[in-house]
Amino acid sequence: MMRVRNPRLLGLLLALAALPLAWEYVPFARASLERGADDRARQAIRQSAPNYQPWTDVLWRPPNSTAEKALFTAQALGGALLLYWAIEALRKGKRSGG
Amino acid sequence: MHIAEGYLPVSHCVGWAVASSPSILLSVRRVNRIIKEQPQQKLLLAASGAFLFVLTALKMPSVTGSSSHPTGTGLGVRMLGVNVMPALSLIVLTFQAVLLAHGGLSTLGANVFSLGIVGPAVIGLMGNGLERLGIRWQISWGLATACGDLATYLTTSLQLALAFPEPSTGIAGAFVKFAGIFFVTQIPIAIVEALLTVAVLMNLQPWLRQAAHAGERP
Chain D
1 MMRVRNPRLL
11 GLLLALAALP
21 LAWEYVPFAR
31 ASLERGADDR
41 ARQAIRQSAP
51 NYQPWTDVLW
61 RPPNSTAEKA
71 LFTAQALGGA
81 LLLYWAIEAL
91 RKGKRSGG
Chain F
1 MHIAEGYLPV
11 SHCVGWAVAS
21 SPSILLSVRR
31 VNRIIKEQPQ
41 QKLLLAASGA
51 FLFVLTALKM
61 PSVTGSSSHP
71 TGTGLGVRML
81 GVNVMPALSL
91 IVLTFQAVLL
101 AHGGLSTLGA
111 NVFSLGIVGP
121 AVIGLMGNGL
131 ERLGIRWQIS
141 WGLATACGDL
151 ATYLTTSLQL
161 ALAFPEPSTG
171 IAGAFVKFAG
181 IFFVTQIPIA
191 IVEALLTVAV
201 LMNLQPWLRQ
211 AAHAGERP
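Same order as they appear, the protein sequences are chains D and F. Going by this note's numbering, the first sequence opens with residue 1, and the numbers climb by one from there. Going by this note's numbering, the second sequence opens with residue 1, and the numbers climb by one from there.
Misleading hints may appear alongside valid ones.
Derived EDC-like pairs (lysine to aspartate or glutamate); straight-line CA-CA distance at most 16 Å [what the hints assert, rightly or not]:
(1) F/Lys177 x F/Glu166
(2) D/Lys69 x D/Glu34
(3) F/Lys42 x D/Glu88
(4) D/Lys92 x D/Glu24
(5) F/Lys177 x D/Asp39
Because the hints were derived from the structure by calculation, they are not lab data.
Build out the structure end to end from the sequences listed, making use of the hints.
Below is the structure:
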């Protein structure tokens, strides 16, 4: 495992990735998250075009909302780690005259 | 940006897929070139894709009592240019459609168009334009990123309006309705995205000048 050269940057990125979970504990935020703009758009479509039937559906859906949040967090986490690694790799290349 | 699976009529899905295809193909070619011919830029590509992954996964509450996602394309546009974003967006959107049931495979064409084509185009034009006017790069690209975020969601609003016009007020009325759902909610999120993007760009400052001189060879 590589030595963490820049713990502050890593910490910031991990905190960012943890946001989807953290919001759950802030009352106003939690209510807002349940009324996402994507959901409201779907509702608006159902209202203005009540005869419209979605002609296909997703292949697979996360079994519950906890699983869904976990997957989003995993995506953010994976991205944060990759971003941290890429920045550190660039810095290492520069230090060695790359 | 994440029009849900099945929520765009078949003809529209096909239409947007056709509209996106040229940009996607050129983008895939550009990404391949970067990987093969400019290996130093591979890390910038990884950073751009990673940033896109992080930001599109974030659901942020907004002042309107609703929530939405940032877009995350600004980093890639500044570091490597507009042309890499359609391919990177396609990867992220496919990932989310299959593994998170967010967005859709049928709506990939439309979603790549808003997230990977229109948004980055606005960011690129504004960022470069403002910088050329002598405005500090942090402000130029921060403003550009925020506008690109909003442009992505206005595009989504237009796509939905074209598919579901209002009986009385037509496409224009539907656009106002959908933009009303997305636009105000998106403003604080776009601002946060701009700040995050500039913060990461500042961490990548030594490579900014390099990116600017590398230019874009199709």
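Going through the hints against the structure:
1. For the suggested pair F/Lys177 and F/Glu166, the alpha carbons sit about 9 Å apart, so the restraint of at most 16 Å is met.
2. About 12 Å separates the Cα atoms of D/Lys69 and D/Glu34, which keeps this hinted pair within 16 Å; it holds.
3. A hinted pair counts as satisfied when its Cα atoms are at most 16 Å apart, and F/Lys42 with D/Glu88 qualifies at roughly 13 Å.
4. Note on D/Lys92 and D/Glu24: the hinted pairing is violated, with a Cα-Cα distance of about 37 Å set against a maximum of 16 Å.
5. Of the pairs offered as hints, the one joining F/Lys177 and D/Asp39 holds, with about 14 Å between alpha carbons and a cut-off of 16 Å not exceeded.
In summary, the one numbered hint that this structure violates is 4.
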